[in-house]
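Chemist: Sequence:
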Amino acid sequence: MARFSGKVAIVTGSSNGIGRATAVLLASEGAQVTITGRDSARLEETRQAILKEGVPEANVNAIVVDVTSPDVSNKSVFMWESISNFM
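1522 is the number that this note's numbering gives to position 25 of the sequence shown; each next residue is one higher, with no gaps.
Each hint should be verified, as a subset may be incorrect.
Now the in silico label distances, taken between C-beta atoms and shown as ranges [claimed, not checked]: (1) Asp1568 - Gly1527: 30 to 36 Å; (2) Ser1581 - Gly1527: 34 to 40 Å; (3) Asp1563 - Glu1542: 17 to 23 Å; (4) Ile1515 - Glu1541: 17 to 23 Å; (5) Gly1503 - Asp1563: 26 to 32 Å; (6) Ala1538 - Val1564: 16 to 22 Å; (7) Thr1565 - Ala1538: 17 to 23 Å; (8) Gly1503 - Pro1567: 29 to 35 Å.
To be clear, the hints were calculated from the coordinates, so they are not data collected in a lab. Just so we're clear, the structure is a prediction, and the values are computed from it rather than from any experiment. For every residue, glycine included, the Cβ atom is placed at its ideal position computed from N, Cα and C.
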């Protein structure tokens, strides 16, 4: 059994670097992941890297969002999409 099976993770800054590596690792270890970033093309690269690890598409949710934005409604939508995708 994968060590994060049955867990849900939201990884901000998943477009590159540590965020991307974290998202790929968590997903490959069984977590359902929501990946976020401001750049849709780089976020898609992360999604593809996760799928390449054999993770089912249903376990990956990608949302283009700037989580540093002070726009509260933006964050509310982000959180709802993150949670509802795995219900």
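Chemist: Measuring from beta carbon to beta carbon, are Ile1515 and Glu1541 in 17 to 23 Å?
Modeler: 19 Å Cβ-Cβ, so the 17 to 23 Å window holds.
Chemist: At the C-beta level, are Ala1538 and Val1564 separated by a distance inside 16 to 22 Å?
Modeler: Holds, since Ala1538 and Val1564 (Cβ atoms, about 18 Å apart) stay within the stated range.
Chemist: Taking 29 to 35 Å as the stated bounds, is the beta-carbon spacing between Gly1503 and Pro1567 within them?
Modeler: holds (34 Å)
Chemist: Do Asp1563 and Glu1542 keep their Cβ atoms within the hinted range of 17 to 23 Å?
Modeler: At 18 Å between Cβs, range holds.
Chemist: When you take the CB atoms of Ser1581 and Gly1527, is the distance between them in 34 to 40 Å?
Modeler: Distance hint for Ser1581, Gly1527 is violated at roughly 20 Å.
Chemist: Taking the Cβ atom of Asp1568 and the Cβ atom of Gly1527, is their distance within the range 30 to 36 Å?
Modeler: 33 Å Cβ-Cβ, so the 30 to 36 Å window holds.
Chemist: Using the C-beta atoms of Thr1565 and Ala1538, is the stated range 17 to 23 Å upheld?
Modeler: holds (19 Å)
Chemist: That 26 to 32 Å hint for Gly1503 and Asp1563 (C-beta), does it hold up?
Modeler: Distance hint for Gly1503, Asp1563 holds at roughly 30 Å.
Going through the hint list in order, the structure does not satisfy hint 2, though it satisfies all others.
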